[in-house]
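Trainee: Each chain, letter by letter, is given below.
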Amino acid sequence: MEKPLKLLHASLNNRVIVELRGGVQYQGVLDGYDVPHMNLVLKNVDEQIKEKKTKHEKVIVRGDNIIYISP
Amino acid sequence: MEKPLKLLHASLNNRVIVELRGGVQYQGVLDGYDVPHMNLVLKNVDEQIKEKKTKHEKVIVRGDNIIYISP
Amino acid sequence: MEKPLKLLHASLNNRVIVELRGGVQYQGVLDGYDVPHMNLVLKNVDEQIKEKKTKHEKVIVRGDNIIYISP
Amino acid sequence: MEKPLKLLHASLNNRVIVELRGGVQYQGVLDGYDVPHMNLVLKNVDEQIKEKKTKHEKVIVRGDNIIYISP
Amino acid sequence: MEKPLKLLHASLNNRVIVELRGGVQYQGVLDGYDVPHMNLVLKNVDEQIKEKKTKHEKVIVRGDNIIYISP
Amino acid sequence: MEKPLKLLHASLNNRVIVELRGGVQYQGVLDGYDVPHMNLVLKNVDEQIKEKKTKHEKVIVRGDNIIYISP
Amino acid sequence: MEKPLKLLHASLNNRVIVELRGGVQYQGVLDGYDVPHMNLVLKNVDEQIKEKKTKHEKVIVRGDNIIYISP
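Here the protein sequences come in this chain order: R, W, D, C, L, U and H. Under my numbering, the first residue of the first sequence is numbered 1, with each subsequent residue one higher. Under my numbering, the first residue of the second sequence is numbered 1, with each subsequent residue one higher. Under my numbering, the first residue of the third sequence is numbered 1, with each subsequent residue one higher. Under my numbering, the first residue of the fourth sequence is numbered 1, with each subsequent residue one higher. Under my numbering, the first residue of the fifth sequence is numbered 1, with each subsequent residue one higher. Under my numbering, the first residue of the sixth sequence is numbered 1, with each subsequent residue one higher. Under my numbering, the first residue of the seventh sequence is numbered 1, with each subsequent residue one higher.
With the rest of the complex left out, here is chain R:
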């Protein structure tokens, strides 16, 4: 059995896909997270909100809105 937070920790420094509510998706390198909120820090980020694409050097993503994280 692999606990969700253990897999999240093992994903540090790797590129992950994060899907949020409302059609928002990030792809970036997982640079940090906190417990128990599962807020994330991503770097080198490609953001897609519906059709609109943006790049960010870093983002802090609030855990509340996360649907899934794909390592």
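Do not rely on the hints blindly, as some may be mistaken.
[Stated by the list, open to error] Restraint ranges, calculated between C-beta atoms of paired labels, are given here:
1) Ile17(R) - Arg15(C): 48 to 54 Å
2) Glu2(R) - Asp46(C): 47 to 53 Å
3) Asp46(C) - Val29(W): 43 to 49 Å
4) Val29(W) - Gln48(D): 23 to 29 Å
5) Asn13(U) - Pro36(H): 25 to 31 Å
6) Arg15(C) - Lys50(W): 39 to 45 Å
7) Arg15(U) - Glu51(D): 49 to 55 Å
8) Ala10(C) - Glu51(D): 39 to 45 Å
9) Lys55(R) - His9(D): 50 to 56 Å
10) Ile49(W) - Pro36(R): 22 to 28 Å
11) Asp46(C) - Lys55(R): 54 to 60 Å
12) His9(U) - Lys53(L): 37 to 43 Å
[What the hints assert, rightly or not] In silico BS3-like cross-links for lysine-lysine, where the CA-CA straight-line distance does not exceed 30 Å:
13) Lys55(U) - Lys43(U)
14) Lys3(H) - Lys3(U)
15) Lys6(U) - Lys55(U)
16) Lys43(C) - Lys55(C)
17) Lys3(H) - Lys3(R)
18) Lys43(H) - Lys55(H)
19) Lys55(R) - Lys43(R)
20) Lys43(D) - Lys55(D)
21) Lys50(C) - Lys50(U)
22) Lys50(H) - Lys55(U)
23) Lys50(C) - Lys52(D)
24) Lys43(U) - Lys6(U)
25) Lys53(U) - Lys58(L)
26) Lys53(D) - Lys55(W)
27) Lys50(C) - Lys50(L)
28) Lys52(R) - Lys55(H)
29) Lys55(C) - Lys53(L)
30) Lys55(L) - Lys3(C)
31) Lys6(R) - Lys43(R)
32) Lys58(L) - Lys6(L)
33) Lys53(R) - Lys50(W)
34) Lys50(W) - Lys53(D)
35) Lys43(W) - Lys55(W)
36) Lys6(D) - Lys55(D)
[Unchecked claim] Just so you have them, the derived chain C footprint on chain L, three or more residues with Cβ under 8 Å:
37) 25 to 37
38) 59 to 71
These are calculated hints, taken from the structure and not from any lab test. In this text, a Cβ means the ideal position worked out from N, Cα and C, and glycines have one as well.
Dock chains W, D, C, L, U and H against chain R, hints included.
Mentor: Same frame as chain R, but now just chains W, D, C, L, U and H:
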């Protein structure tokens, strides 16, 4: 009587269907979960968001958005 | 006076209707529940999401999304 | 001053109207409730979801979705 | 400085307007409330849900859905 | 560094703009607040709900629905 | 590993982009925040709500509605 978490535990290593809010569905092997949030780890995942199908090796699914889990 | 959880307990092994947010309805035999979340285990389940009907052997339904349970 | 829970208690065995989010309304005899969730047990229930009317012998209504209770 | 709960208390036995999410409005005499949920008891109530107007002798309004109370 | 609650406190007796979910906006003098809910008391209030404008002598605004407060 | 709150703290006095639910975006200098709510104080703020642009000297943004903060 079968408690929800006992059934979830018994579903480890089996393929499950997970329905989330917003028309998102996953089918994958249940690899882990945590308590009390019911966050899940799925592997070999078929994702369907409305009409769009995607495959993921692994996903961490936040428990908040889960409507049901079908073992 | 009949407490909600006492009625839920009395409904074990009986067929119940469960209405969730978003136009999702289950009919199935109540096989278990937990407290205080009111997550449910249903078996021999008829699911109806708007017009689409599906059968499941078992489902774990998260209590958060439940509108009502009709024993 | 009349506290909400005192009025709820005084409404036991009387017919009440319960309005939920999403255009769902129940009319039935208040058979029980719990604290602090304000989950309700109603009996001899007339349900109206938008235009659709249904009768239930009993329902457990989750307090989360209640907008108002009219004794 | 006037604390919200102090103003609510001072409004007992006066007619107040209560605006809820989803276009629901009540006008009625504030008969009680509880802390910290801010559930209310109103009497001699005029309810307006979008265009539909209804009268209630008393209602218990759940605090969760309240946007504002105007004494 | 200026803490949010310190700025809120410093805004007492000044006119503020409060934006709520659902296209509701208030402009009024901040007369009070509570912690940690950030419920507000406003006086001499101009309310705008989409196109509809109303005046209130006082309102209690629940903190839950607040998006931002602009002193 | 960089914790979300550490990155937030390091962003004090820098211009950040804050995206909220409902198509609301702020760009402003981060002047303060609190823990654990992640309420923010921004100054010299450019607000964009869908197509409508407004300037504010200062705003208090509730953490609940934040999707991401981009330093």
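Trainee: Decide if the proposed pair is consistent with the structure: lysine 53(U) and lysine 58(L), CA atoms, cutoff 30 Å inclusive.
Mentor: Roughly 28 Å between the alpha carbons, so the hint for lysine 53(U) and lysine 58(L) holds.
Trainee: Taking only the CA atoms, is the gap from lysine 53(D) to lysine 55(W) under or equal to 30 Å?
Mentor: Status holds; Cα separation ~25 Å.
Trainee: Do the Cβ positions of lysine 55(R) and histidine 9(D) conform to the proposed distance bound of 50 to 56 Å?
Mentor: holds (55 Å)
Trainee: Taking only the CA atoms, is the gap from lysine 50(W) to lysine 53(D) under or equal to 30 Å?
Mentor: holds (16 Å)
Trainee: Within a Cα-Cα threshold of 30 Å, do lysine 50(H) and lysine 55(U) meet the stated pairing?
Mentor: With Cα atoms ~26 Å apart, lysine 50(H) and lysine 55(U) stay inside 30 Å; holds.
Trainee: Does the Cβ pair histidine 9(U), lysine 53(L) satisfy 37 to 43 Å?
Mentor: holds (41 Å)
Trainee: Is 39 to 45 Å right for how far apart the beta carbons of arginine 15(C) and lysine 50(W) are?
Mentor: holds (42 Å)
Trainee: Please verify whether lysine 3(H) and lysine 3(R) have alpha carbons no more than 30 Å apart.
Mentor: holds (20 Å)
Trainee: Does the Cβ-Cβ separation between isoleucine 49(W) and proline 36(R) fall within 22 to 28 Å?
Mentor: Holds - the Cβ-Cβ distance for isoleucine 49(W) and proline 36(R), about 26 Å, lies within 22 to 28 Å.
Trainee: Decide if the proposed pair is consistent with the structure: lysine 6(R) and lysine 43(R), CA atoms, cutoff 30 Å inclusive.
Mentor: holds (20 Å)
Trainee: Please check whether arginine 15(U) and glutamate 51(D) have a Cβ separation lying inside 49 to 55 Å.
Mentor: holds (52 Å)
Trainee: Is lysine 6(D) within 30 Å of lysine 55(D), Cα to Cα?
Mentor: holds (28 Å)
The earlier numbered hints are all upheld by this structure, with none contradicted.
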